[in-house]
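Chain A is already provided as a structure; the job is to place chain B on it using the hints.
2 protein chains.
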Amino acid sequence: MTTITNRTYDELEIGESCERVHTISEDDLQMFAAVSGDHNPLHLNAEYAATTPFKQQIAHGMYSGALISATFAMELPGPGTIYMGQNIQFKRPIFIGDTITVILTVKEKRDRKKEVIFDTTIKNQNGKVVVAGEATVIAPTEKVTVSLSNLPTIQLGNHAYDAE
Amino acid sequence: MTTITNRTYDELEIGESCERVHTISEDDLQMFAAVSGDHNPLHLNAEYAATTPFKQQIAHGMYSGALISATFAMELPGPGTIYMGQNIQFKRPIFIGDTITVILTVKEKRDRKKEVIFDTTIKNQNGKVVVAGEATVIAPTEKVTVSLSNLPTIQLGNHAYDAE
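Taken in sequence, the protein lines are chains A and B. Using the working numbering, read the first sequence as starting at 1 and increasing by one per residue. Using the working numbering, read the second sequence as starting at 1 and increasing by one per residue.
One chain only, chain A, in its complex shape (with noise of 0.2 Å):
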């Protein structure tokens, strides 16, 4: 069983940070499609995609969202992190193939109520800042490791769909 260990409020250091890669794939829109109910064929249709102003399929902007606090959850800080609050910008548009990086970076330290203040920016694979912002999180006080939950088996028309 996969287990995770969080970095707790009085571990982080100003400037600490963690990454996390990830290449977008169509499965990863068709299924953000069927979790958000957005299913405007901008992100689901290539031929539709081609006559806007992007010329292809995009990611939905918040699926970027869903990536920042998946990597709060699971990396920095880990278990027990309480998600306050997020802003977010989006830069510029994500494309199918595409490898992002999350970069997670602690800013500010509260400590009167362990108010944790991140940097959150993601870049493609030409170092470009597709998403820009900020979020503030209450980092856990107790160091805790936790055993994570089997993700469901999903199969996406014929074929199983890859959760990592």
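Just to be clear, a hint being listed does not mean it is correct.
Any copy, or any two copies together, can satisfy a pair, since identical chains are not distinguished.
[Stated by the list, open to error] Straight line, CA to CA, 27 Å or less: simulated DSS-like cross-link-like pairs of lysine-lysine:
hint, residue 1, residue 2
1, Lys55, Lys91
2, Lys114, Lys91
3, Lys109, Lys123
4, Lys91, Lys107
5, Lys55, Lys113
6, Lys114, Lys143
7, Lys128, Lys107
If you are wondering where the hints come from, they were derived from the structure by calculation, not from laboratory data. Nothing here was measured: the structure is a model prediction, and the numbers come from that model.
The following block gives chain B in isolation, referenced to the frame of chain A:
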């Protein structure tokens, strides 16, 4: 085939709003876990969640963001909207079985760039604000009707995922 029609920048009026109602299922949490990569037991494991301050499984915070973004894309202003940014505060947890209402309200129009500032609020079935915030979008200038793409057929474990 289902079509949707947008509201253009010129048509939008200050104070105009739209609502989207959704009841949260355990399947929604499983799907969001898969697409985001956050499979912490707080969201997926009832026994574990019972040991946390929340006492039961809670929806991923950014699942709310996904529902807000889909409401912009599907309802107001709809097709052609460009999502520029979102500020979101997670005020209260959302539990399985909660019926939440996403409410988007036009707050401000900025003619030069055709930007519209929306208030974005989510309330639960008790009328409590669970999510607050605001968004900036560029509203479409041309009236368009688009044909929605079909949602994929998704099998979650041994049953179909109902995407609506």
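Against the structure, the hints:
1. Lys55 <-> Lys91: Result: close within a single copy only, 17 Å intra versus 38 Å inter.
2. Lys114 <-> Lys91: between (30 Å within a copy, 17 Å between copies)
3. Lys109 <-> Lys123: For Lys109 and Lys123, only the intra-copy Cα distance (24 Å) is at most 27 Å; the inter-copy one is 30 Å.
4. Lys91 <-> Lys107: both (21 Å within a copy, 22 Å between copies)
5. Lys55 <-> Lys113: Between copies, since 22 Å is at most 27 Å while 46 Å is not.
6. Lys114 <-> Lys143: within (14 Å within a copy, 48 Å between copies)
7. Lys128 <-> Lys107: Only inside one copy: Lys128 and Lys107 sit 21 Å apart there, 32 Å across copies, limit 27 Å.
Violation of the numbered hints given earlier is absent; every hint is satisfied by the structure.
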